[in-house]
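Using our numbering, the first residue of the sequence shown is number 1311, and each one after it goes up by one.
It should be emphasised that the hints constitute simulated quantities derived from the structure, not laboratory data.
Keep in mind that this is a model prediction, so the values were computed, not measured.
Straight line, CA to CA, 30 angstroms or less: simulated DSSO-like cross-link-like pairs of lysine-lysine:
#1 1403 x 1391
#2 1363 x 1391
#3 1391 x 1406
#4 1390 x 1406
#5 1391 x 1407
#6 1390 x 1363
#7 1407 x 1390
#8 1403 x 1390
#9 1397 x 1407
Beta-carbon label-pair distances, calculated as ranges:
#10 1322 x 1358: 17 to 27 angstroms
#11 1355 x 1390: 37 to 47 angstroms
#12 1358 x 1388: 30 to 40 angstroms
#13 1335 x 1373: 16 to 26 angstroms
Yeah, the Cβ is synthetic: ideal placement off N, Cα and C, and Gly gets one too.
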Amino acid sequence: MEKATCIECPRDFRIGPEGCLSFPDIFADVERWYEVDAEYTDLDGHRKKVHGKGLLARAIQHELDHLNGVLLVDRMSPVKKVTLGGKLKRLVKQNKKAL
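Using the sequences provided together with the hints, build the complete structure.
Right under this line is the structure:
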């Protein structure tokens, strides 16, 4: 998805567990819209629309977050960040070694 935006988001929010490949073995409850309509430009330059509900809506919003520079940890509560602090520090350390 390129130049993607959420064009309609009803006020029906749901809280559910979410993970991210950027943070293996880290999960947090995240509030997301249950249903979304998104608009994007495909690789051929054509504007497209997609409707997502439930897990697909959650995935669309998660990926839109990535495109906008928002990570899973940015969506976590302060308490959850403290709870996962040790795991997050280990991931940072492992990634620095890998570089």
